[in-house]
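In order, the protein sequences belong to chains A and B.
Mapping of the first sequence onto our numbering: position 10 corresponds to residue 10, and the numbering continues sequentially without gaps.
Adding 467 to a residue's 1-based position in the second sequence gives its number in our numbering.
Because the hints were derived from the structure by calculation, they are not lab data.
Cβ coordinates follow ideal geometry from the N, Cα and C atoms, glycine included.
Do not rely on the hints blindly, as some may be mistaken.
Label pairs and their calculated CB-CB ranges [to be verified]:
id	chain 1	residue 1	chain 2	residue 2	range
1	A	Pro450	B	Thr728	54 to 62 Å
2	B	Thr868	A	Pro20	49 to 57 Å
3	A	His116	B	Ala747	39 to 47 Å
4	B	Ala907	A	Ser446	58 to 66 Å
5	A	His116	B	Ala855	26 to 34 Å
Number of protein chains: 2
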Amino acid sequence: MRRSRGEGCDGAGDVSKPTPISGFPEWLPAERIVEQQVLDILREVFELHGFASVQTRAVEPLEQLLRKGETSKEVYTLRRLQADAAEDSGDQASALGLHFDLTVPFARYVLENAGHLQFPFRRYQIQPAWRGERPQEGRYREFVQADVDIVDRDTLSVHHEVEIAQVMADVFGRLPLPPVRMQVNNRRLIEGYYRGLGIVEVEAVMRVVDKLDKIGRAGVEKAMVDDLGASTEQARGALALAEITGDHATIAEQVAALGVTHPLLDEGLAVLVSVLEGTAALRSDTFTVVADLAIARGLDYYTGTVFETRMQGFEHVGSICSGGRYDSLATDGRTTYPGVGISLGVTRTLAPLFSRGLLTASRSTPTAVLVALPSEEERAACTAVASALRRRGIATEVSPTASKYGKQIRYAERRGIPFVWFPQPDGSHQVRDIRSAEQAAADPASWAPPDADLRPATTRTAAAAAD
Amino acid sequence: MRRSRGEGCDGAGDVSKPTPISGFPEWLPAERIVEQQVLDILREVFELHGFASVQTRAVEPLEQLLRKGETSKEVYTLRRLQADAAEDSGDQASALGLHFDLTVPFARYVLENAGHLQFPFRRYQIQPAWRGERPQEGRYREFVQADVDIVDRDTLSVHHEVEIAQVMADVFGRLPLPPVRMQVNNRRLIEGYYRGLGIVEVEAVMRVVDKLDKIGRAGVEKAMVDDLGASTEQARGALALAEITGDHATIAEQVAALGVTHPLLDEGLAVLVSVLEGTAALRSDTFTVVADLAIARGLDYYTGTVFETRMQGFEHVGSICSGGRYDSLATDGRTTYPGVGISLGVTRTLAPLFSRGLLTASRSTPTAVLVALPSEEERAACTAVASALRRRGIATEVSPTASKYGKQIRYAERRGIPFVWFPQPDGSHQVRDIRSAEQAAADPASWAPPDADLRPATTRTAAAAAD
Numbered sequence: 001m002r003r004s005r006g007e008g009c010d011g012a013g014d015v016s017k018p019t020p021i022s023g024f025p026e027w028l029p030a031e032r033i034v035e036q037q038v039l040d041i042l043r044e045v046f047e048l049h050g051f052a053s054v055q056t057r058a059v060e061p062l063e064q065l066l067r068k069g070e071t072s073k074e075v076y077t078l079r080r081l082q083a084d085a086a087e088d089s090g091d092q093a094s095a096l097g098l099h100f101d102l103t104v105p106f107a108r109y110v111l112e113n114a115g116h117l118q119f120p121f122r123r124y125q126i127q128p129a130w131r132g133e134r135p136q137e138g139r140y141r142e143f144v145q146a147d148v149d150i151v152d153r154d155t156l157s158v159h160h161e162v163e164i165a166q167v168m169a170d171v172f173g174r175l176p177l178p179p180v181r182m183q184v185n186n187r188r189l190i191e192g193y194y195r196g197l198g199i200v201e202v203e204a205v206m207r208v209v210d211k212l213d214k215i216g217r218a219g220v221e222k223a224m225v226d227d228l229g230a231s232t233e234q235a236r237g238a239l240a241l242a243e244i245t246g247d248h249a250t251i252a253e254q255v256a257a258l259g260v261t262h263p264l265l266d267e268g269l270a271v272l273v274s275v276l277e278g279t280a281a282l283r284s285d286t287f288t289v290v291a292d293l294a295i296a297r298g299l300d301y302y303t304g305t306v307f308e309t310r311m312q313g314f315e316h317v318g319s320i321c322s323g324g325r326y327d328s329l330a331t332d333g334r335t336t337y338p339g340v341g342i343s344l345g346v347t348r349t350l351a352p353l354f355s356r357g358l359l360t361a362s363r364s365t366p367t368a369v370l371v372a373l374p375s376e377e378e379r380a381a382c383t384a385v386a387s388a389l390r391r392r393g394i395a396t397e398v399s400p401t402a403s404k405y406g407k408q409i410r411y412a413e414r415r416g417i418p419f420v421w422f423p424q425p426d427g428s429h430q431v432r433d434i435r436s437a438e439q440a441a442a443d444p445a446s447w448a449p450p451d452a453d454l455r456p457a458t459t460r461t462a463a464a465a466a467d
Numbered sequence: 468m469r470r471s472r473g474e475g476c477d478g479a480g481d482v483s484k485p486t487p488i489s490g491f492p493e494w495l496p497a498e499r500i501v502e503q504q505v506l507d508i509l510r511e512v513f514e515l516h517g518f519a520s521v522q523t524r525a526v527e528p529l530e531q532l533l534r535k536g537e538t539s540k541e542v543y544t545l546r547r548l549q550a551d552a553a554e555d556s557g558d559q560a561s562a563l564g565l566h567f568d569l570t571v572p573f574a575r576y577v578l579e580n581a582g583h584l585q586f587p588f589r590r591y592q593i594q595p596a597w598r599g600e601r602p603q604e605g606r607y608r609e610f611v612q613a614d615v616d617i618v619d620r621d622t623l624s625v626h627h628e629v630e631i632a633q634v635m636a637d638v639f640g641r642l643p644l645p646p647v648r649m650q651v652n653n654r655r656l657i658e659g660y661y662r663g664l665g666i667v668e669v670e671a672v673m674r675v676v677d678k679l680d681k682i683g684r685a686g687v688e689k690a691m692v693d694d695l696g697a698s699t700e701q702a703r704g705a706l707a708l709a710e711i712t713g714d715h716a717t718i719a720e721q722v723a724a725l726g727v728t729h730p731l732l733d734e735g736l737a738v739l740v741s742v743l744e745g746t747a748a749l750r751s752d753t754f755t756v757v758a759d760l761a762i763a764r765g766l767d768y769y770t771g772t773v774f775e776t777r778m779q780g781f782e783h784v785g786s787i788c789s790g791g792r793y794d795s796l797a798t799d800g801r802t803t804y805p806g807v808g809i810s811l812g813v814t815r816t817l818a819p820l821f822s823r824g825l826l827t828a829s830r831s832t833p834t835a836v837l838v839a840l841p842s843e844e845e846r847a848a849c850t851a852v853a854s855a856l857r858r859r860g861i862a863t864e865v866s867p868t869a870s871k872y873g874k875q876i877r878y879a880e881r882r883g884i885p886f887v888w889f890p891q892p893d894g895s896h897q898v899r900d901i902r903s904a905e906q907a908a909a910d911p912a913s914w915a916p917p918d919a920d921l922r923p924a925t926t927r928t929a930a931a932a933a934d
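Excised from the complex, chain A in its bound form:
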């Protein structure tokens, strides 16, 4: 990630050194290698769990994007530079916008292709999304998301809510991140509890309690009583629920101690306990799952389990992995496709680690071996050595110039390439580990670097968590 620079145009007409665009982060090659390894882990875990890859187009009809009213201000709309008059009349029915998440496009994809899909349908999707928001750390105008969802037709079994949590627990068990804490709640539990308390404006109260961090206990109580007609007792009851956190062993008891009963509460609590139990074995020093009954994702379309995830030391960027169960996002009026899913914010997770230098690659290139070039005339022979190594999966370059060997070794050093190969005048070969300067005879048909050097490795600086 390029640091901000004061320098800009150098005054040479329209040819000048370009500068970054705020909110559109790009990575340097070593950072991109880390991002690729993170994406490889995501893909591998998702596929091991039987999720099929889907990519959707970058654009959706604007009217689809605006169905969720609260995001309308953030949408980028598209226009052809040489659009004709009809196209430019601002007709929303044909206007296109860039998608702002991967859930709305996926719901559309399911409706459009339902006849070609098998349900329950398990898909993952890793793509950029765009929002015209004011950029800050953790909020970008272009950002990569990695989503998994399971959708079924008409009904969706609750065990899939457990399963989505297990998939992300597997993911976090393998990603090179500071410790993360996944917070789980269940909107049925909240709704049942509120109804048990006699609260009528359930949705509105959820939205108020969701602001607890911002407006505090007194603010929530005041808004519930003054604006939503709740009693002080109901307001304090709602706050008491939001203060509960716990694990599978303690959560049911803590909720029961509040003395509220309702069938929806029992139903939601049972699912919550299942999610906690289903991920208990996957907890580690760097990954914890807790019930946090303050989590509601109040402005979203969730109807059951809800997830948020925070990274230790980086709580200020917000939740890096959020989702939940949605019963009616995808419907064509005849058939409804309920689903459950979760979305990892890849850019939101990695950008703060990159900008602090806490996550780096051992080299800035895939190349493991540089074949040194004794003279330009021997380029074909050196290319043959490179081909032999590549055929056995060893990333290899031939030196760009037949300069002095010292200069060729520096070419490798600057990129972190660990090995330099030296063809000998007698037709034999030597390979040198330029870190130790150890050099030995080698055969291009059989030599291989140690496994640890075959590909660049991601290195995490442990200081990350203490940042």
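Starting from the structure of chain A, add chain B where the hints point.
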């Protein structure tokens, strides 16, 4: 790829079955698996040759995109839906557009990050690009490109032109495509030849000869004589060059037989012969490289080697892989970064094969094993079996329902999942290959499917070429 459909809105208000948007192709899961395997091969070959991955943001300043005048009409511009007045004034200096290729963004990335890169810099880039063109087969509004480029500072050695051809020869040797024919030429060769003929308007003549396919020999001759002031002899000389095709053994002799001499001609011819020689060993039944002296890419910024590639039976979609050497695309006024690169049109290559059903995956999911569920109470035990298989890299799902085994087997069949795992009442396990119905005892800690079944396989119907 969804076929065109007559059906559209079902009249249920704004909730209706969505339909595809012309020019924005999307793939069904089995097609996406094929695309992923193609992208995996591209990445693997590019990395084996030491190219580092770069991703650039989807947007560039509009003024950057419009520096190549001829593509201006195809650019999509962006606007925030709730843009303020200043933003909406149409100021091109701050306006953003979607990139229409990966070369212009890469040239900008090199200038912006030159201080952080090592030169010669080798990068690959696999991303979508967007053009507001009228869609047809082979021409899309959103399409995936896979580019490799090598750029150096101030000067770039000619052997990199050979190297780029070798990389793509390696790629085509591994892609599951109908036979392809890569056509190579060299603009120095053409320029030198034209100058040797006494032609002054070299660029203009290249553009006219580039239209040979469309306007014919007589049209080229007429345009050269009438519009460009060439002599009939010069026009026929230019046409004679454009008719030459050949390989490394014959091309120099054929050019020499035309009796034209010029230092640039010799220089370009030497590079062309090197490219042909450097790829001769990589030719096969399905991949050929030929010199085709009619190829000029007349409207582009190339200054040396130029490439085009056509797929047998699909010549009508145009070149699927084009590129060449460019000496002055990236310059900040002080330093120039000459480069050579090539771009494979992934969407243009795959879409015609998908729409004809000629390239498919053996299943529509990564899942290799479905663990059958004897009863919902045994879900945790079945999940433990799935976890054990996943830990050894075997993609596994647990059956979504504890329905009759026949129904669970059909769940696997419909997705092409080859194996169903049956936990037995006595705690032992059986696994069935549902294609052969062979069933045997198995241990979740050690059983593995045959390598061929571990992942979905891409199948190409050989009829492709004869389409």
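Take a look at whether the Cβ-Cβ distance between Ala907 (chain B) and Ser446 (chain A) falls inside 58 to 66 Å.
Taking Cβ atoms as reference, Ala907 (chain B) and Ser446 (chain A) lie about 38 Å apart, which means the hint is violated.
Pairwise beta carbon distance, His116 (chain A) to Ala747 (chain B), judged against the given window 39 to 47 Å:
Between His116 (chain A) and Ala747 (chain B), where Cβ atoms are some 45 Å apart, the hint holds.
Range first: 49 to 57 Å. Now tell me if the beta carbons of Thr868 (chain B) and Pro20 (chain A) are that far apart.
Hint holds: Cβ distance 51 Å, inside 49 to 57 Å.
Honestly, do His116 (chain A) and Ala855 (chain B) meet the 26 to 34 Å range at C-beta?
holds (33 Å)
Verify the CB-CB distance for Pro450 (chain A) and Thr728 (chain B) against the hinted window 54 to 62 Å.
holds (55 Å)
In summary, the structure is inconsistent with hint 4 from the numbered list given earlier, while agreeing with all the others.
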